[in-house]
Structures are given as structure tokens and as C-alpha cells.
Amino acid sequence: MCNTCGCAMKPADTVTIDVLQGLLAANDRAAAHNREHFDRHRVLVVNLMSSPGAGKTALLEATIVALRERYRIAVIEGDLETDNDAARIRAHGVPALQITTGSACHLDAQLVHAALHELPLAGLDLLFIENVGNLVCPAGFDLGQHRNVTLLSVTEGDDKPAKYPVIFRASDLVVLSKTDLLDVLDDFDPARAATALRALGGGVPMIHTAARRAPALGEWLHWLECELRARRAAPLRAPRVDAMMEA
Amino acid sequence: MMHELSICQALLIRVAEIAAVNGAAAVERVTIEIGALAGVDPALLTAAFAVMRAGSCAATAALRIESTGVRIECLACGTESPPKRLICTQCGGYRTRVVAGEDLRLRDVELRLAGLPELAQLPPVPEPSGLLRRRARASGPGATA
Chain A
1 MCNTCGCAMK
11 PADTVTIDVL
21 QGLLAANDRA
31 AAHNREHFDR
41 HRVLVVNLMS
51 SPGAGKTALL
61 EATIVALRER
71 YRIAVIEGDL
81 ETDNDAARIR
91 AHGVPALQIT
101 TGSACHLDAQ
111 LVHAALHELP
121 LAGLDLLFIE
131 NVGNLVCPAG
141 FDLGQHRNVT
151 LLSVTEGDDK
161 PAKYPVIFRA
171 SDLVVLSKTD
181 LLDVLDDFDP
191 ARAATALRAL
201 GGGVPMIHTA
211 ARRAPALGEW
221 LHWLECELRA
231 RRAAPLRAPR
241 VDAMMEA
Chain B
1 MMHELSICQA
11 LLIRVAEIAA
21 VNGAAAVERV
31 TIEIGALAGV
41 DPALLTAAFA
51 VMRAGSCAAT
61 AALRIESTGV
71 RIECLACGTE
81 SPPKRLICTQ
91 CGGYRTRVVA
101 GEDLRLRDVE
111 LRLAGLPELA
121 QLPPVPEPSG
131 LLRRRARASG
141 PGATA
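Protein chains in written order, with the numbering used here: chain A, 1 to 247; chain B, 1 to 145.
Among the clues, some could well be false.
What the hints assert, rightly or not - To list a few chain B residues with every Cβ distance to chain A over 12 Å, as calculated:
no. : residue
1   : Ala43
2   : Ala47
3   : Ala54
4   : Gly55
5   : Ser56
6   : Ala59
7   : Leu75
8   : Gly78
9   : Ala114
Stated by the list, open to error - Chain A is nowhere near these chain B residues, computed Cβ spacing over 10 Å in every case:
no. : residue
10  : Ser6
11  : Ile13
12  : Ala16
13  : Asn22
14  : Pro42
15  : Thr46
16  : Met52
17  : Cys57
18  : Thr60
19  : Glu66
20  : Thr68
21  : Pro82
22  : Pro83
23  : Thr96
24  : Pro126
To be verified - List time: in silico SDA-like cross-link candidates among lysine to any residue, alpha-carbon distance up to 20 Å:
no. : chain 1 : residue 1 : chain 2 : residue 2
25  : B       : Lys84     : A       : Gly203
26  : B       : Lys84     : A       : Thr195
27  : B       : Lys84     : A       : Val132
28  : B       : Lys84     : A       : Arg198
29  : B       : Lys84     : A       : Ala196
30  : A       : Lys163    : B       : Asp41
31  : A       : Lys163    : B       : Arg85
32  : B       : Lys84     : A       : Ala25
33  : B       : Lys84     : B       : Ser56
34  : B       : Lys84     : A       : Gly202
35  : B       : Lys84     : B       : Leu113
36  : A       : Lys163    : B       : Tyr94
37  : A       : Lys163    : A       : Val136
38  : A       : Lys163    : B       : Pro83
39  : B       : Lys84     : B       : Leu63
40  : B       : Lys84     : A       : Pro52
Hint data in this document are derived by calculation from the structure and do not stem from the laboratory. Backbone N, C-alpha and C fix where the C-beta goes; we use that ideal spot for every residue, glycine too.
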């Protein structure tokens, strides 16, 4: 605005530069770079998200027990503090790297990129990234993963997809966890959760799991194996970073 | 830390790059677009900007936020539904594609120039290797226990 009379004319020494770039362009570029690393090594990368305590680490422990004879698995753990989760994973004989974010409420592509320098990808089939427990912030940051999976535990409300639409919409699969507890809960209806998810559009599938007392992992392991097969069948030549950023 | 802080930090870094490559004396105004489905709260971002701009070339800059509404298209019947709907209003289909409302974009930057205006330039988005931050504290051995 002009300082003399307040008209819309700009003073001569100002210039407006059209940018029209994503606010997270730097993160997206780092994510595309990570994805190239993953594709070069033919490793399937799954980003696990949920609220704290929904059972991400327990699901990973049960998955490792079920699949470790057939697939080489590694885990990147994200938490604000402690390496408790990485220690739980390592106890199953699988490499695990802990990222402690300090105060950050989510992982970003640069944090994962730094972790990759300490985690050899050669020979791996499957890499899980367990994001910081949080149903809001992790949804906005591409890490370079191939699939986003969000857990919804039956000890939370069945209206969670309606309350946190962004993260559930960003998911390729929703895992209803701790379903062995459904018998003792009278306030969680899986059908209502499915309806709330469907109301978000996009048709994200939902499967049921129980990871601890009486493990029920059939649908989950089937989904993973389909994804692993699809990843192996994908062309080895990774797309160029620029092309992926435009996609 | 809410993710609006991370987004604000990324915004200020990008604005500083644009100001530097154009030899600006100061940043007058930054305009961004936030879609209703972007998961970013405009009020939180505005509050973050007011604090984080201090000491930067954008220390006195105004932040203008343009909110964009949600529009979806049904994958089954192709109908575009009115705003605020995520499932098709025509056929009830839930397989839909978001046409608008997920944007999170830096639209433009208004700069006060130190010298004569030249052709405006956009710096390239930095390589990932140059983005490694000191706060990236990866701990623990990658080897099995």
C-alpha cells in the first residue's frame, strides 16, 4: 500500500514475487530423496501412526515374531524422549534405531534421512517407521514411506476418524487394534468406527488386529505380504525426484 | 511443539532464501494458502509467525493467510459436491477425490528492495544433505542387541 495516501499502488521499491510452492517443499524434497534410497534397496517402508498407547510397538513386536524367519525387518522409532521402544524391538533380534525428537510432536523427512545414515538398508525387506504417538501432527509430513498405516485402538472412541479426519484420510490402511478387548468394552462399536472412517471419503480399508494375549494378525500379515510382493515386483529404476514431487 | 511451529520455521527459511537471492532490504508481506483439510490451524500459525519472525528479515512482515475450502469429486459418478462434504451428494459414493482443500502453499512474498528492482528470482529448494539439522539426534546402535 502507498504510504502517502493509502491507495493500492505499491511504492516503487517493493516487488511481489510469485512463489506458488508447497510450504513443506524442503521436507517433500527430503522425503523424495529417502524414497529413492528405499526403492534402490527394494525395501518396503511403512509409516505407523496413532495416538500414544494405541499399541504400535506391541503390533510391531508381534509382527516381527510372525515374519522374522521369512523377511529381514528393521524399525525406526520416534519418541520425544527415551529409547524404550527401540530396546523392545531389539530384544526380538531386529535392528532398531531410536530418534528422540526432544520437543517435536512428529517425525519429518530430514530426521528420517539422518537416521538412515546409521541404519544399513542393504538386505532389508521391510522397514517400519513408528511415528511419534499423536493423531494430529504426523499426518502432515511425508517421510518417504510407501504406505501410511494408522492404528485405532478399541480403548479409544469409535468416533476418532470423525474427530481427527486429516490423519485418517492420509492413511492407506486403518488397523483397529486390541480387538481382543471388545468383549469387555461396552462403548466401542467397530461398525460405528467403520462408518466414521467411510464418511471421510476415499475408501480407506479397515482391518482388525490383536497383538498380545491371543494374537489375531491374519488380515494384517496378509496386507503386509501383498505390499511386499508388490514392492518386489515394482520396477527397480526409481523415478526421478522432480517427477515424484510433481506427482 | 505443535507442527505449526515446524511449518512456520520452514516458511521463514524459504522467505529468507527468497529475500537473500533478490537482495531485499526487508520482507513486507508473506501470503500463504491453507486448505481446510491441510491440518494446519491459521490462528496457531499466525501466533507462531509473530514470535518466530523476530530477528529475521521478515521481522516486520505481515502474514496474510488465504483459506481455501474443500471440494471433492466422486470417483463413481464424477459429480463435484458442494463445500464441506467428503462423500458424494449425488450418489452417496464414499470413494472420492479431493479437488481442493488440501493445499499448504506459499503464494507470494512482497519484498522491499535495497537497490533497483531487477528480474525477480526464486532460489532452488535445497538438497536434503544441506538440510540436516543439529536437532536430528539419532541415538542407539543400528545393530541388533
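These are the hints, each one checked on the structure:
1. Ala43: 15 Å, holds
2. Ala47: 16 Å, holds
3. Ala54: 19 Å, holds
4. Gly55: 20 Å, holds
5. Ser56: 16 Å, holds
6. Ala59: With a cut-off of 12 Å, Ala59 (chain B) remains clear of chain A, as the shortest Cβ separation is near 16 Å.
7. Leu75: 8 Å, violated
8. Gly78: Non-interface label stands for Gly78 (chain B): nearest chain A Cβ at 14 Å, farther than 12 Å.
9. Ala114: 8 Å, violated
10. Ser6: 7 Å, violated
11. Ile13: Violated, because the least Cβ-Cβ distance between Ile13 (chain B) and chain A comes to about 7 Å, which does not exceed 10 Å.
12. Ala16: 12 Å, holds
13. Asn22: The assertion about Asn22 (chain B) is violated, with a minimum of 7 Å to chain A.
14. Pro42: Consistent with the label, Pro42 (chain B) stays out of reach of chain A, its closest Cβ about 12 Å off (over 10 Å).
15. Thr46: Its Cβ never comes within 10 Å of chain A, the nearest being 14 Å, so this holds.
16. Met52: 14 Å, holds
17. Cys57: For Cys57 (chain B), whose nearest Cβ neighbour in chain A is about 13 Å away, the distance exceeds 10 Å, so it holds.
18. Thr60: 13 Å, holds
19. Glu66: Label holds. Min Cβ-Cβ 12 Å, cutoff 10 Å.
20. Thr68: It holds; Thr68 (chain B) is separated from chain A by about 13 Å at its closest Cβ, greater than 10 Å.
21. Pro82: 14 Å, holds
22. Pro83: 14 Å, holds
23. Thr96: Non-interface label fails for Thr96 (chain B): nearest chain A Cβ at 4 Å, not farther than 10 Å.
24. Pro126: Pro126 (chain B) not clear of chain A: closest Cβ-Cβ about 6 Å, inside 10 Å.
25. B:Lys84 / A:Gly203: 17 Å, holds
26. B:Lys84 / A:Thr195: 18 Å, holds
27. B:Lys84 / A:Val132: 29 Å, violated
28. B:Lys84 / A:Arg198: Holds, because 15 Å separates the two Cα atoms, which is no more than 20 Å.
29. B:Lys84 / A:Ala196: Holds. Lys84 (chain B) to Ala196 (chain A) sits at ~15 Å (cutoff 20 Å).
30. A:Lys163 / B:Asp41: 15 Å, holds
31. A:Lys163 / B:Arg85: The given pair, whose Cα atoms are some 15 Å apart, holds under the 20 Å limit.
32. B:Lys84 / A:Ala25: 27 Å, violated
33. B:Lys84 / B:Ser56: It is violated: about 37 Å lies between the C-alpha atoms, which goes past 20 Å.
34. B:Lys84 / A:Gly202: 15 Å, holds
35. B:Lys84 / B:Leu113: At roughly 41 Å apart (the allowed maximum being 20 Å), Leu113 (chain B) and Lys84 (chain B) break the hint.
36. A:Lys163 / B:Tyr94: 18 Å, holds
37. A:Lys163 / A:Val136: 10 Å, holds
38. A:Lys163 / B:Pro83: 18 Å, holds
39. B:Lys84 / B:Leu63: 26 Å, violated
40. B:Lys84 / A:Pro52: 29 Å, violated
Hints 7, 9, 10, 11, 13, 23, 24, 27, 32, 33, 35, 39, 40 from the list above are not met by this structure, while the remaining hints are.
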